[in-house]
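Protein sequence lines correspond, in order, to chains A, B, C and D.
Numbered continuously in the numbering used here, the first sequence closes out at residue 112.
Numbered continuously in the numbering used here, the second sequence closes out at residue 112.
Numbered continuously in the numbering used here, the third sequence closes out at residue 112.
Numbered continuously in the numbering used here, the fourth sequence closes out at residue 112.
Hints are not guaranteed to be accurate.
Heads up, the list lumps identical chains together, so a pair's fine if it works in one copy or across two of them.
Stated by the list, open to error - Derived pair list, reagent style PhoX-like, types lysine-lysine, alpha-carbon separation capped at 25 angstroms:
#: 1; residue 1: Lys13; residue 2: Lys94
#: 2; residue 1: Lys68; residue 2: Lys108
#: 3; residue 1: Lys68; residue 2: Lys13
#: 4; residue 1: Lys13; residue 2: Lys46
#: 5; residue 1: Lys94; residue 2: Lys68
#: 6; residue 1: Lys108; residue 2: Lys94
Because the hints were derived from the structure by calculation, they are not lab data.
Number of protein chains: 4
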Amino acid sequence: MKVTADLCVIAYGTGTSMSEYIAACVRIIEQAGLKHHLHAYGTDIEGEWDDVMAAVKRCHEAVHEMGAPRISTTLKIATRTDKEQGMDDKVRSVEEKLGRR
Amino acid sequence: MKVTADLCVIAYGTGTSMSEYIAACVRIIEQAGLKHHLHAYGTDIEGEWDDVMAAVKRCHEAVHEMGAPRISTTLKIATRTDKEQGMDDKVRSVEEKLGRR
Amino acid sequence: MKVTADLCVIAYGTGTSMSEYIAACVRIIEQAGLKHHLHAYGTDIEGEWDDVMAAVKRCHEAVHEMGAPRISTTLKIATRTDKEQGMDDKVRSVEEKLGRR
Amino acid sequence: MKVTADLCVIAYGTGTSMSEYIAACVRIIEQAGLKHHLHAYGTDIEGEWDDVMAAVKRCHEAVHEMGAPRISTTLKIATRTDKEQGMDDKVRSVEEKLGRR
């Protein structure tokens with residue numbers, strides 16, 4: 012089962028800066044060989060369900076190991092059975108409707 | 012790693028009623044032996060990370076098997092290392108601050 | 012336009028306890044006269060779009076005034092035009108499918 | 012109060028394609044003069060709280076007018092009082108940690 016996800020990890024009970032935690036998560040996603048796109052409010056990830064979810068778990072483990080006592084993640088997860096559609100296809104499909112492709 | 016999650020599965024490309032899909036998900040969560048609370052915009056779930064995530068995956072599989080071609084799930088995931096705190100503790104802690112316990 | 016929402020406010024760059032912030036938000040929602048249900052990972056709210064969104068804004072203002080420098084909120088928002096359905100109806104509809112009503 | 016938001020509108024009780032609804036929302040955000048970034052699982056938006064929320068409301072109205080009977084939106088909303096930080100700054104800050112800037 013292929014999945015497109017949007018991962019947004021918030022670490023709290025710690026300082027105001029989130030960027031070092033997010034960078035650690037991006038490295039984990041990269042090391043897992045997963046296609047991804049970092050945006051201003053999360054990281055889109057594309058891959059097999061188990062691979063994506065294993066990466067999300069490692070993100071929680073890593074952020075706790077970096078010293079954050081609490082994490083609240085918002086994870087959006089999309090699956091479909093009618094056709095294959097990757098992250099780039101989703102954006103392209105909207106841009107076509109907007110007359111930009 | 013213990014987790015408190017809030018699972019909200021939206022099936023689309025199908026009819027307007029979501030309740031049969033949500034009921035199927037609640038049954039899966041129950042069969043997994045996970046503590047849970049159905050509310051108006053999702054189901055809170057408490058348990059070990061792997062058990063909760065396995066149930067979420069089975070929910071996607073089941074909802075697709077019921078005929079929904081597309082699913083978009085919003086999953087909130089909370090972990091903490093500073094203390095153990097279950098679903099009931101979270102609600103109780105707020106209600107105490109409100110002077111209701 | 013009627014809306015059912017699920018509000019989850021995370022304050023960060025501050026301590027580990029979230030309950031005093033959540034309690035402040037619940038008071039704001041109550042003072043707005045909005046129907047609501049506090050659960051383990053958020054607060055479901057029912058009302059007119061503008062009333063619900065005004066309360067959400069006041070929650071952000073109040074949590075900042077309490078000293079939290081950063082807030083990340085996950086807000087789910089449901090609207091429908093096919094029929095009226097409140098928070099209680101949503102839960103009841105699922106419980107009926109589960110054979111519990 | 013400045014806000015960075017991530018808007019993900021799911022229309023259901025309708026067909027499987029979401030792109031025409033998302034395109035309509037992007038047009039609304041553009042017409043509101045709001046800075047934004049379309050990604051694979053939502054649209055990041057930056058602006059004043061009231062302007063962003065007014066655009067989100069118009070998105071719901073427009074998607075219903077296009078024929079979708081039900082909408083479930085996941086909206087992430089970030090505010091901060093410690094410093095000004097726009098969408099681009101957020102991404103740049105993570106990329107610096109990753110040694111890419």
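Query raised in the report: Looking back at the hints listed earlier, which ones does the structure fail to meet?
Result: none
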